[in-house]
Amino acid sequence: MAINGNTLASLKRGQKGIIKFVDAVDPQVQRLMVLGLVEGAEVEHRSSAIGGDPMEFRLFGCGISLRQEHARHFHILPVAAGD
Amino acid sequence: MTKSAEIRIPPNEITLSRRADVSVVVVGNPNSGKSTLFNRLTGLKQRIGNYPGVTVERHIGTLRVDDKVTELVDLPGTHSLSAHSLEEHIAVDVIFGRMPGTREPDGVLAVLDATNLYQGLFLVQQLIDLELPVVVALTMTDAAEENGIGIDFETLSRTLGGVPIYPVVATTGAGLDKLRHAIADIRSVPVPDRIVVWPELTDAAAQLTEGANEPIRFAELERLLIDGPIDANQAILAKLGDAASERLEPIRDELFGLEPPIARDARIRYAWVRDVLATVQRSAPRFYSWRHRVTGFLNRPVPGTVGLFIVMAIVFQAVFAWATPIMDLIDTATASLGASIIESFGEGAMSSLIADGIIAGVGSVVIFLPQILILFLFIILLEDSGYLARAAYLMDRAMRSVGLSGQSIIPMISSFACAVPGIMATRVIPNRRDRIATILAAPFMTCSARLPVYALLIAAFVPANKVGFMNLQGLVLFGLYLFGIVAGILTALLMRKTALRGPKPPFALMLPEFRRPNLQTVFIQLLGRAKVFLYRAGTVIFAVAVIVWALAYYPRSDEIGPEVERQKTQAAYSLSGEALDDAYQRIENLAAAAQMEQSWLGRAGHFVEPVFAPLGWDWRVSSAVIAGFPAREVVIAVLGTVYAVGDDADEGTLSGRLKASAWPDGRRVFTLPMVIGLLIFYACCLQCAATLAVIRRETNTWRWPVFAWAYMTAIGYLGALLAFQLGSA
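Protein sequence lines, in the order shown, are assigned to chains P and F.
For the first sequence, this note's numbering begins at 4 and goes up steadily by one.
For the second sequence, this note's numbering begins at 24 and goes up steadily by one.
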């Protein structure tokens, strides 16, 4: 899959990406999909707690925070800055 | 209402007021403004109970419109009808009408957050499949407008199978009246048309129902196909019958293949939601309000964390400083009330019971109502503004280093008010080990019942010197809070490394935008808290006050009375005037002390004194600590009683009496090391029957409450021992 190894975990603060593939084997990842983190969703990295983990993302107007270890299961295509 | 008006009520309306005609469940995402809306709709006409067998609170309110009475059931927030946590299971069971003791709903009030249609529509779409009348309340429409979100209500309603949509603004009350009427008339709302989001699922459901025993709702078939034959779905399987049930697995295999069903469901439904959003939602360029600037700043890691600590420090300072004037007022009032009772009724068992038992006992607990209300006010404000979730996010990494997750921070912070709701709040933690570790750590957080003890001892024995912008008293209080946090964290760490060893718990958290809490809702919640506290003061603490008074008053000694008379006569020979009055007072105080000492409580205190002597406690403190085992705030009531009937009765208020208290050889009992030890003991020990009971309920075994009690008492004892021995050396 041509996704260059980019995941939600690799987004910089303020950067956006579109989820292209979710590795859904882990039941915890499936719970995150129920919250709307699925293929086609646009996600923006908003902030991180001290030490960069957990990370906060913006998903269609709502804030959602994930740990890096889970964010790595969401492969993305970064959206160019400035939309 | 006047009496004559009551008489005119026809009998059938009286029965209506007892039983509602219609039951409506309130369903929505967590943080969708669901509870705020529920409070606005039902006001004070609500009752809080529990669902049978579990500790999830059941909130039922009554809505009266004209002559129609509607029962509104506020369900725990959920993202999907595919339940994961205990609270979601409860919500889904009530929605499907399979919760024992709860009516099958006649309709659904779906709460949809206008600023978060994405997750909201995911849930609402599943609610439409219930084949029940649905009314949608669109909340946060003001915030949506502020964010530049425009919503095409008509298209949205059409897309959702024709459900009526009522935009509301909970803060101003706009739209609430129309919504009330719509809920009252929910039976006349047509069942919405089914939306075919996922044709393959519809086909599979049709295959499954061939030859079923009885008709089954589409929503139930969906759950069976997606979640499989789990426990919660057994009732649906029974309706399906054996023959149809056997087809379930082959049909699921064909439908999902190797893809996890929950993942497939989320992928398809959210794709549908995105299509809907594209047609009904218009986003203008966002207008940057104060809300976004505050959020933006606090989103940065360091300012966010520093902000959290500042918020906590302000809360503690406010609790201590703002309440003082009102507390002084209550203190003076109870002291003069007790004195005037004794004065007007004379001395005797009855006036002693009223003045020393009831007024002194209950009064010295009620005095802390201002502090408790201020603390709860802050906790409610932080929760309703969305800040508690942010605290969980900011603290996740720190909590993880002790083997917990950020989700544990909400139960922990709630425990600062009271460990009982705090422990109940651990239900949001899905992992059992994580949950028990949090339950064991939670009672270490300084609860509102510890506050009276801290406040009394600090006010009496710590000087109010200025230290920076705080004073020393505030600083000591802050230190005690910190001590509780550290002890709780170390406990969690210890448990996670030993008895509760296991893999790291998961974490995912919704972070709502900051929002202005609604004052009416805050007030309703605060009133509920005040009621609970005063109810405790009025029942448990009242009963304990009376029992302790009796233990301290009886048995009456036959020898003390004549001895007092003999000494008074003797004094009258050699003294006169003021000197004689002083002598009389001294004799009476000594007599009271002697009576107290040979009472049941005094004897018990003497009996355990050797155990507590290494901590510097005399028999009175020991008696108070014993009496306080069922509820720690009672210790104040007991000290109040013990010292009111003791030898220092003329010293006025309780803190004055404590200061004057001395050992037989004249040394002060309440020295600084002893007070610090006592504070540490109270920071640790688990003197709270309610907490023990809730731990038993939440862990479903006596093992954990017994362990928690022994463990915390032992730590408290050792801490007090250490403080007294090192401090006095």
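FYI, nobody ran anything at the bench for these hints, they're computed from the structure.
It is possible that some hints are incorrect.
[To be verified] Per label pair, the in silico range of CB-to-CB distance: (1) P:Gln31 / F:Val325: 22 to 30 Å; (2) P:Gln71 / F:Glu80: 29 to 37 Å; (3) P:Gln71 / F:Val325: 32 to 40 Å.
[Unchecked claim] Which bits of chain P does chain F cover? Going by a derived footprint, with three or more residues having C-beta under 8 Å, they are: (4) 18-26; (5) 38-50; (6) 73-83.
Beta carbons: idealized from backbone N, C-alpha and C, even for Gly.
A quick look at each hint next to the structure:
no. : hint                           : verdict
1   : P:Gln31 / F:Val325: 22 to 30 Å : 29 Å, holds
2   : P:Gln71 / F:Glu80: 29 to 37 Å  : 35 Å, holds
3   : P:Gln71 / F:Val325: 32 to 40 Å : 19 Å, violated
4   : 18-26                          : violated (count 1)
5   : 38-50                          : holds (count 8)
6   : 73-83                          : violated (count 1)
This entry does not satisfy hints 3, 4, 6, going by the numbered hints stated previously.
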